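Participant: The primary structure of each chain is shown beneath.
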Amino acid sequence: MSNNAWLIAALPLGAFALIALGARRSPALSAWLTILAIGLGGALSLQVLREIAAGARIEQSMEWLPLGHGLGLTVGFQVDPLTAIMLVVVTSVSLLVQIYSLGYMHGDNGYSRYYAAMSLFTFSMLGLVLANSLLTMYIFWELVGLCSYLLIGHWHERPEASAAAKKAFIVTRLGDFGFLLGILFLYWHAGTLEFRGLEEAAAAGRIPAAALTVGMLLVFCGAVGKSAQFPLHVWLPDAMEGPTPVSALIHAATMVVAGVYLMARTFPLLEHSATAMMVVAVVGGFTAIFAASMGIVANDIKRVLAYSTVSQLGYMIMAIGLGAMSAGMFHLFNHAFFKALLFLCAGSLIHLMDTNDLSAMGGLRRQRPITFIATTIAALSLAGIFPLSGFWSKDEILAAAASTNPLLFAAALATVFLTATYMFRLIFLAFLGNPRGQTHDHPEPLSMTIPLLVLIVPSVASGLLGTALFGNPFGSFLEGRAVTAEVNLPVAGISTAVALAGILLAWVLYGDGRVEASARLAARFQPVHTLLVNRYYMDHLYNGFVARIVLGFGWLSNRIDLSLIDAFVNGIGSTTISAATSMRRMQSGQLQAYAWAFFAGTVALAVVAALPLLMGTR
Amino acid sequence: MNVAILSPEISLGAAAAVILLAEAFSAGNLSRVAILALATLGIAVSAAFLIPAQLAGVPTSSFSGAFIQNGFTIYFKLLMLMATFLVLLGSGRFLAQAEGRRAELVALVLLTTAALMLLVSSTELITLYISLEMASLSTAFLAAWMKHQERSAEAGLKFFLLNALSSAVLLYGIALLYGITGQTQLNGIARELVGGATPALLLALALLLAGFGFKVSAVPFHMWTPDVYEGAPTPITAYLSVASKAAGFAVIVRVLQTALPGVQTEWVGLIAILAAVTMTVGNIVAMVQTNIKRMLAYSTIAQAGYILVGVAAGTGQGLGAVLFYLAAYTATNLGAFIAIVEIADRTGSERTSDFAGLHARAPWLAFALAISLLSLAGLPPLAGFFAKIYVFWAAIQTGLGWLVLLGVLNSAISLFYYAQVIHHMYMVPAPSPAPGRSLPTLVAGLTVAIAGVFALGIFSGFFMGLAETAARTLTQ
Amino acid sequence: MVGSFGPIVIAIAIATAFGLLPLFLSGLIIPKMPDRVKNAPYECGVETIGPTSIQFHTRYYLYALLFVIFDVEAVFLFPWAVAYRHLGLFALTEVVIFIGLLLVGYVYAWRKGALQWV
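Residue numbers (this note's numbering), protein chains in the order written: chain A, 53 to 670; chain B, 1114 to 1589; chain C, 32 to 149.
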């Protein structure tokens, strides 16, 4: 099966093609085609996982742009443990989200369009995961960006949605530009873009150290954009304008982790540059605490989760920067499940209330008990409470930070505290206390409840795969050798205590759904609150940048354009057109004229041919 | 004497004869589908004779070495068979309406293809000349096929007369070569030419290039192209623009590489100049055209210029690039022309401005035309992009940097007029709905062509490998 | 180079001069006294009556073409017939195919009504 692993990606592409070709006329058929394709893909992924676990490694590529002299570009796919894990994560979360969407998107005008885009996205994401070279990866990298754009703007009649879609596209494109430069830079030095070739080149020292650092930092730019790291994090909270299942799949579990995956995939290169490692770790650590602080004050349930996602992505990036690649991947693995669960729970509440506003919710534990339980379990997992899945991976990362960089360790601990606080603030405000808003009186469709129940299982237990209890199968699988996991007891103890303290604080402030506490706190900590609510003025800064600097630059270039370039271009344009017109006049339609032109051409050719002889150079 | 080597050509000729006889004995109403089926059978049998002979296989020759079969000829013949097949499929309503005379048309197309296949295989100047005349004569008839339309009759006559002129010039070049070397066999000529360039040899070279330049419509021997392309029935224009052109390039490449390697420096310079002039004039004049067929005529001139860049590169890699370019160009141009056949048929106009809002009226046609035009302009990941990359790369490596720079500039210019059509189709609102549905055969032909445009782009490495293998057999 | 091409160039020059010189010389010395009869296209014969460009029926051309085709066919057949004994079976087959092909065209033309005088 591993030999044909590309089939896993091809299946959703087939579904997309069928929907585009005609199945779109029947929404139900579109939905089931998507689900069937991804379900099959998921089954194949599990088979691939088994084969990889048994020691298989696959890499296939074909010449795409042969340029001779050993140069050229290839495209292809590879399957190794890293890929196999991602395949399982993507297909399983995608499958559950597609099933959930059956109910959530029911009756939507763009139902078929939604499923078409979801199929295309799943194809692109799987392609990204299977890619065996930076080039192949880049192609799919742009494709997932495109799908994300389409899906954020799914309700394009809403101006916020289309603005958010554009913002996401443009901001990530900034990072992609760096990524592309990095690809060109590495190609220049290594002469290949295949991961294996790059690793060999780096290991053999064929890439100069400085070049490797520059190249990897440029590649990291791509990850910063896609995984919403500081300072390009601004698009992800806005991306919540998309349908909630989209947020769960693309902006929590899969696409946004592409940046983390990219860094994990290029980790063998990154390892050779201490500077690049340091930058990656610091950006990740800073993003973790920075985004968490904004989560504290957000009142939009999905935005809280979005900040949480940014913060957790920062965690993973930091882990990779600290050299704990497998810990970062382990956290990615766990996070995909419990964060998808949290988003689907949020979707369940939004479906019930028709609002994202936490202050309008309250007391929902009675109407949606399953959602309440699921949210609580996922939140505990996210906060890192023993023995839920988040605990194990977070602990590994914290242990790595504790042993290498005290400052980052402190930041990570603070993030743990903030994470616990904002998650339980969310839970208390939404589920406890008395109802504050109107709810629809319809039961939740089964298609939405089942994915929640299914996702509870990995949210609780997926972490056990990386524990010493079971001999750390995750780490051993990823590294391809037996790796033991040790629980760093002091670190685990401290982090659990910090998380519990965060939950306690949330209880003291917001227990029983005291929504008025927000206003009181806002008044008490006026400056800090203003800063946080305004998202550290980052968006203002960007808007100001766009407004002032870009517009100023625009004005300047407009002047230059008008006076210089325009005149020049118009000159070229009119010269070309007049040349064309005069040449067209030669095309008179008269046979004699054509014959003369032919004859003149022949003579001219003969003269040019004889020129060297006439000039006596020969 | 191995006559079986001619089987592919004989199959086509037999198919043409069968079609004519069937038409003669069916009292003039043989159905379109029946004719197409017979033609397809002929093409299939012809291809069946070619396919077992591998691209890299051992070359076989016959008729005292005047006729050869190797990877190079097989590549071109398969390409031309494919093009003929698609043209016939894509001829759409044109064939359906041509009551009573369509059998003639299809038979002539098959005979022309057979002549072009002979041309590709000839390794001796007289054989080469006869095949060329055979193809040209039937081409003139095809161009004048709508005999009651002045434009078509004019196109046929113009082609016939100018072709006679170019043939005369070519024949003069051939005579000079024979006079100098006493040989008509191409490799015999190469054996005799050891002394380097003499005035007579250079004159012969110039005359040969002028004659061949006419066939591939290189500037300044291109004057017939726009008039004939506009006047001829559109399916025939499509056929001329791909099959005849491919054969023309096959001959140029073969004669230059096998007969005249001794004066390579000289012909590289001449071809480079021809390439530069051809692509520049083609692109610039295309910009001011309002009739889409005339625009595409100039576009094909420009494309010939790009291909000449590859010929000028002269290396094995350049040859491979030329072969790949021709395949990409065949798929792309056929896509464009088949779409235009149908669009013009439905809207009754060939003016670019009348393509407004086509995307709402006929989404698949608009999409196919847009893809073809973007491929002609050379945008990734379509076939045209990779074709240009390979050709330009080969030219850079032989030190023709200036030519490549000019080519890139020209590509940028070309985007202007290609995009204009797309702009009309997608951005300008539609004046009225276009009636009618497309014939299934036309849709099939168009789909195959567009699939080819994508496949040649996405799997360009694979197809480039085939082209290089085929090119290698030429110089062996 | 001049060695081999020189004589040809000289021959061309002499031939041109030989043709042009008498015309030029006679043009210099002859008296010019044109009148109506001298300026007429033909100095002798009968004056044409009516317009000279009369339309001929295309059938004439069609018949002429068909005649030429079969004429040329005969031209090809004569040398074969003369050397028939030496050429043997292979040439016979070729000639049969050749005639067969012409026959296809002939049948087609006939069935299409090209031989009918309307």
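In case anyone wonders, no lab produced these hints; they're calculated from the structure. Note that the structure is predicted; figures quoted are calculated from it, not measured. All C-beta atoms in this analysis are idealised placements derived from N, C-alpha and C, irrespective of residue type, glycine included. Any given hint could turn out to be false.
FRET-style restraints, in silico, Cβ to Cβ [to be verified]: (1) B:1304 <-> A:72: 54 to 62 Å; (2) C:145 <-> B:1146: 24 to 32 Å; (3) C:73 <-> B:1304: 37 to 45 Å.
What the simulated footprint calls covered on chain A by chain B, stretch by stretch (three residues with Cβ under 8 Å from a Cβ of chain B suffice, anywhere in the stretch; the number is not a length) [said to hold, decoys possible]: (4) 102-116; (5) 143-152; (6) 424-431.
As a list, the in silico DSBU-like pairs of lysine-lysine whose alpha-carbon atoms are at most 35 Å apart [what the hints assert, rightly or not]: (7) C:69 <-> B:1406; (8) B:1260 <-> C:69; (9) B:1260 <-> B:1406.
Participant: Examine the segment 424-431 of chain A: at least three residues should have C-beta closer than 8 Å to a C-beta of chain B.
Facilitator: violated (count 0)
Participant: Is the distance from the Cβ of residue 1304 of chain B to the Cβ of residue 72 of chain A consistent with 54 to 62 Å?
Facilitator: holds (60 Å)
Participant: Between the alpha carbons of residue 1260 of chain B and residue 69 of chain C, is the straight-line distance 35 Å or under?
Facilitator: Given pair residue 1260 of chain B, residue 69 of chain C is violated - Cα atoms ~44 Å apart, limit 35 Å.
Participant: If I claimed the Cβ atoms of residue 145 of chain C and residue 1146 of chain B lie 24 to 32 Å apart, would that claim hold in this structure?
Facilitator: Since the Cβ atoms of residue 145 of chain C and residue 1146 of chain B sit about 26 Å apart, the hinted range of 24 to 32 Å holds.
Participant: Three or more residues of the segment 143-152 of chain A near chain B by CB distance under 8 Å?
Facilitator: Per the Cβ count (0), the hint is violated.
Participant: At the C-beta level, are residue 73 of chain C and residue 1304 of chain B separated by a distance inside 37 to 45 Å?
Facilitator: violated (58 Å)
Participant: Residue count check for the segment 102-116 of chain A against chain B: does it reach three with CB-CB under 8 Å?
Facilitator: holds (count 3)
Participant: Given the hinted pair residue 69 of chain C and residue 1406 of chain B, is their alpha-carbon gap at most 35 Å?
Facilitator: violated (54 Å)
Participant: Decide if the proposed pair is consistent with the structure: residue 1260 of chain B and residue 1406 of chain B, CA atoms, cutoff 35 Å inclusive.
Facilitator: holds (19 Å)
The structure fails hints 3, 5, 6, 7 and 8 (numbered hints given earlier, in ascending order).
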